[in-house]
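From first to last, the protein sequence lines stand for chains A and B. Letter by letter, the first sequence follows residues 1480 to 1900 of my numbering. Letter by letter, the second sequence follows residues 2 to 178 of my numbering.
One thing to keep in mind: the hints can contain errors.
With the Cβ distance kept under 10 Å, some of the chain A side facing chain B (calculated, not the full set) [what the hints assert, rightly or not]:
| id | residue |
| --- | --- |
| 1 | M1544 |
| 2 | T1547 |
| 3 | I1560 |
| 4 | R1562 |
| 5 | Y1566 |
| 6 | G1567 |
| 7 | I1809 |
Below, in silico cross-link-like pairs of lysine to any residue (SDA-like), each with a Cα-Cα straight-line distance of 25 Å or less [claimed, not checked]:
| id | chain 1 | residue 1 | chain 2 | residue 2 |
| --- | --- | --- | --- | --- |
| 8 | B | K48 | A | N1641 |
| 9 | B | K48 | A | P1753 |
| 10 | A | K1722 | B | V23 |
Rather than coming from a laboratory, the hints here were simulated on the basis of the structure. For every residue, glycine included, the Cβ atom is placed at its ideal position computed from N, Cα and C.
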Amino acid sequence: MAGSNYQPKSKLGQWIEYRLPIFSLIDGLFGSYPTPKNLNYWWSFGSLAGIALVVQIITGIVLAMHYTPDTSLAFASTEHIMRNVNYGWLMRYVHANGASMFFIIVYVHIFRGLYYGSYKSPREILWMLGVVILLLMMATAFMGYVLPWGQMSFWGATVITNLFGAVPVVGDSIVAWLWGGFSVDNATLHRFFSLHYLLPFVIVGVVIMHIWALHQHGSNNPLGIDVKGPQDTVPFTPYYTAKDLYGFAVFFLVFAYFVFYNPNFLGHPDNYIPANPLVTPAHIVPEWYYLPFYAILRAITFDIGIPGTDIVFITAKFAGVILMFASILILLVLPWLDTSKVRSAKFRPIYKQLYWLLVIDVFVLGYVGAKPPEGILPTVGLIATAYYFIHFLVIMPILGKKEKPLPLPESIANPVVKSAE
Amino acid sequence: MSNNDNDGNKDDDVTRRDFIHVAGAGLGVIAVGSAVWPLVDQMNPSKDVLALSTTEVDLSQIEVGQSVTVVWRGKPVFIRRRTAQEIAEARSVPMDELPDPQTDEERVQKTEWLIMVGVCTHLGCVPLGLQGDFGGWFCPCHGSHYDTSGRIRKGPAPENLIVPEYAFVTDTKIIVG
């Protein structure tokens, strides 16, 4: 995030700049910062994720002014926000739907990176910081969902914290430590509230590093080739500020539809029933953004051991937990699993198709995660889970070596490939 | 910004681009303003707080010479059923002895009943009853003395204890607020 050579025109500006080089920093971030001139709208999702995070933090701070993290008052204070607080309904609906919006944006952002090979050298750390942000987001969203203390809050918290009970030997101790008791209760709610408030600021910190790493080598671009010189770039302002602001406007239209016309579409009605530790809802589903991972968690229904004996190395429960975490952590090593030198899928005819197969696979996992595990679905879930890992662990390393990429253009400014003859 | 600015508008300083700039900036201001207002307004008193902004008090159990304190909008309200002597004391004070001149008649609706917000006008502490040099109230925080009409007589407080809006619903019942 190094500053540019920008010098303010006014005397006061120069006086400040000499002592605190903030104007050149801002200029380096959003001003003259050279950006590939061929970025398409998929590149708008980075700044969209930024604005979504800001919206979550602002509305979250507001909600915390009115919310009480105590099991006897949490549900009532949530309804107090909805009914009594001025614009409280707006704050809560923006915050609840904002979480979904944030995840949609981030998933598009991730799949943009997968398609155009944005994770490859020299942007590996940039990508890995992004995976860290995803993990932090998932933890934050999970704990936030617990706070209204409805039935889904309570049972979601119970199920997810129980995952850690699958760890051999120390599992039960870990779970009791997470709960601060023998079940999800007041102590759990209090610590979730504390961490739910803290983690977004940790995310901000990692986002700063993410942008820092981005600016070290600049944005990737749809062609996936390096910037060769000034003829390949345009200054961020006005070109991409204007384009990103247009993206913001479209995004806020979609966001507003959910907030004002369908605020509970992405939620679950059972969460308007106060938490009851004695009755579990008939059908528990996580929020939509966890569904593929939930399907992976449930995919393994058999213990792994020596066949024909009672010896079990890994229980089905623990195997599911390992796979679920592995499905995200595997992204950390993706830059080394993908052996192709070519970044953009535009020039990788086979990868391009397999990319879409992965997209379909994730949607299948999401569907399986949303439905009760009945009939053919557990088998479908197992196959889709297997394919997910095969894609990353088998296909990516082999494909990079075997695939014959199309010829790359000479430069961004001159994208037409000269024929070989 | 560009050569187009003056195309076809050579006689006019206002260009279509100016119009777009003003319209765009204006809409931006409206959009930001309408997003910020809910963030500000949410800190105003909520509906449940506003719903509790009046307090009803039954006076029938209060004896002559007795003082009770009720809560109104989170603050104490002193209700004193004054003795004849206290009333006489309050009414005999010459106006020029008062830092905040006000007759006792202006401060009560019914002679016997003195009803005031029990918050010192200096810095908001709650004065103690039947204490101080004037038989009224004394604020322990910074030593303000109030008389039997709740008027400031001595000490740093600038004003008399505030008389809230109230009304006698019946002879023995009032609504404060």
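Hint check:
Annotation: interface hint on A/M1544 holds; nearest CB of chain B at approximately 7 Å, less than 10 Å. The beta carbon of A/T1547 is not positioned within 10 Å of any beta carbon in chain B (closest approach about 13 Å), and the interface hint is therefore violated. Residue-level restraint check for A/I1560 holds (minimum Cβ-Cβ distance to chain B is 9 Å; threshold 10 Å). The interface hint given for A/R1562 is met, as the beta carbon of that residue sits about 7 Å from the closest beta carbon of chain B, less than 10 Å.
Restraint check, A/Y1566 versus chain B: the minimum CB separation of about 4 Å is within 10 Å; hint holds. Interface restraint check: A/G1567 against chain B, minimum CB-CB distance 6 Å, threshold 10 Å, status holds. A hinted interface residue such as A/I1809 counts as satisfied when its beta carbon comes closer than 10 Å to some beta carbon of chain B; here the least separation is about 39 Å, so the hint is violated. Our distance criterion of 25 Å between C-alpha atoms is broken by B/K48 and A/N1641, whose separation comes to about 40 Å.
A C-alpha spacing of about 22 Å is found between B/K48 and A/P1753, which places the hinted pair at or below 25 Å, so the restraint holds. Distance hint between A/K1722 and B/V23 is fulfilled; the C-alpha atoms sit about 19 Å from each other, no more than 25 Å.
The structure fails hints 2, 7 and 8 (numbered hints given earlier, in ascending order).
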